[in-house]
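Order-wise, the sequence lines are chains A and B. Each residue of the first sequence is one higher than the one before, counting from 2 in our numbering. Each residue of the second sequence is one higher than the one before, counting from 9 in our numbering.
Keep in mind the hints are simulated off the structure, nothing from the lab. From a predicted model like this one, the values you see are computed outputs, not experimental measurements. We put the beta carbon where it would ideally sit given N, CA and C, even for glycine. Keep in mind that the hints are not guaranteed to be accurate.
Quick list of the computed label-pair ranges, beta carbon to beta carbon [said to hold, decoys possible]:
{"hint": "1", "chain 1": "B", "residue 1": "Asp75", "chain 2": "A", "residue 2": "Asn78", "range": "21 to 29 Å"}
{"hint": "2", "chain 1": "A", "residue 1": "Arg16", "chain 2": "B", "residue 2": "Glu68", "range": "44 to 52 Å"}
{"hint": "3", "chain 1": "A", "residue 1": "Gly4", "chain 2": "B", "residue 2": "Pro48", "range": "16 to 24 Å"}
{"hint": "4", "chain 1": "A", "residue 1": "Gly17", "chain 2": "B", "residue 2": "Lys63", "range": "47 to 55 Å"}
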Amino acid sequence: EAGVTQSPTHLIKTRGQQATLRCSPISGHTSVYWYQQALGLGLQFLLWYDEGEERNRGNFPPRFSGRQFPNYSSELNVNALELEDSALYLCASSWGTFDSYNSPLHFGNGTRLTVT
Amino acid sequence: SQKIEQNSEALNIQEGKTATLTCNYTNYSPAYLQWYRQDPGRGPVFLLLIRENEKEKRKERLKVTFDTTLKQSLFHITASQPADSATYLCALPMNTGFQKLVFGTGTRLLVSP
Numbered sequence: 002e003a004g005v006t007q008s009p010t011h012l013i014k015t016r017g018q019q020a021t022l023r024c025s026p027i028s029g030h031t032s033v034y035w036y037q038q039a040l041g042l043g044l045q046f047l048l049w050y051d052e053g054e055e056r057n058r059g060n061f062p063p064r065f066s067g068r069q070f071p072n073y074s075s076e077l078n079v080n081a082l083e084l085e086d087s088a089l090y091l092c093a094s095s096w097g098t099f100d101s102y103n104s105p106l107h108f109g110n111g112t113r114l115t116v117t
Numbered sequence: 009s010q011k012i013e014q015n016s017e018a019l020n021i022q023e024g025k026t027a028t029l030t031c032n033y034t035n036y037s038p039a040y041l042q043w044y045r046q047d048p049g050r051g052p053v054f055l056l057l058i059r060e061n062e063k064e065k066r067k068e069r070l071k072v073t074f075d076t077t078l079k080q081s082l083f084h085i086t087a088s089q090p091a092d093s094a095t096y097l098c099a100l101p102m103n104t105g106f107q108k109l110v111f112g113t114g115t116r117l118l119v120s121p
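Please work from the sequences and hints to get the whole structure.
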């Protein structure tokens, strides 16, 4: 089966611009998660979508937003980019909340966002 | 909030030895705990899940223990190989009943031939 795919693999933006990152989950998975991994730091939870709804949000400012489409793919938008937004953005998918709440996450290989 | 502690220093061992990584957590005891492997520039890959009522879980050369009294999980790799070199992350749910996983910062394992 195809894994989680993310695009683009690399993205270079300047401060103040907007970035859009995309994620396609594994077929059958309805939950999509976004994590930020800054250099040398751990994974920081950003957003969780399930069945098209935002289920939970991490401690990030509102300029980090996203959505989940009817086909369960997802988009992460970062507005007014700041230098500290430079990081690896990871998307993961899993079975839906009420199907198997302790199911593992399947990660894509991320989008490396560089803000200059 | 839940806090996860993993040894931030790299663990260097020789090929063939057993590697043991530690994951400690504070606050409430989670219903389960997961371990992932992450290679540089790649996303984490799920390895093992252990539930609160399980003391030990094995998968090939991997073994995970879960001590809810000590609030600690140990991750063992027996007969380690250079290909096992990677960063290993533990993760557990932020809140009971929710799938939002919180990850530790990981421990880097280096296995030398």
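A quick look at each hint next to the structure:
| no. | hint | in the structure |
| --- | --- | --- |
| 1 | Asp75/B / Asn78/A: 21 to 29 Å | violated, 42 Å |
| 2 | Arg16/A / Glu68/B: 44 to 52 Å | holds, 47 Å |
| 3 | Gly4/A / Pro48/B: 16 to 24 Å | holds, 18 Å |
| 4 | Gly17/A / Lys63/B: 47 to 55 Å | holds, 53 Å |
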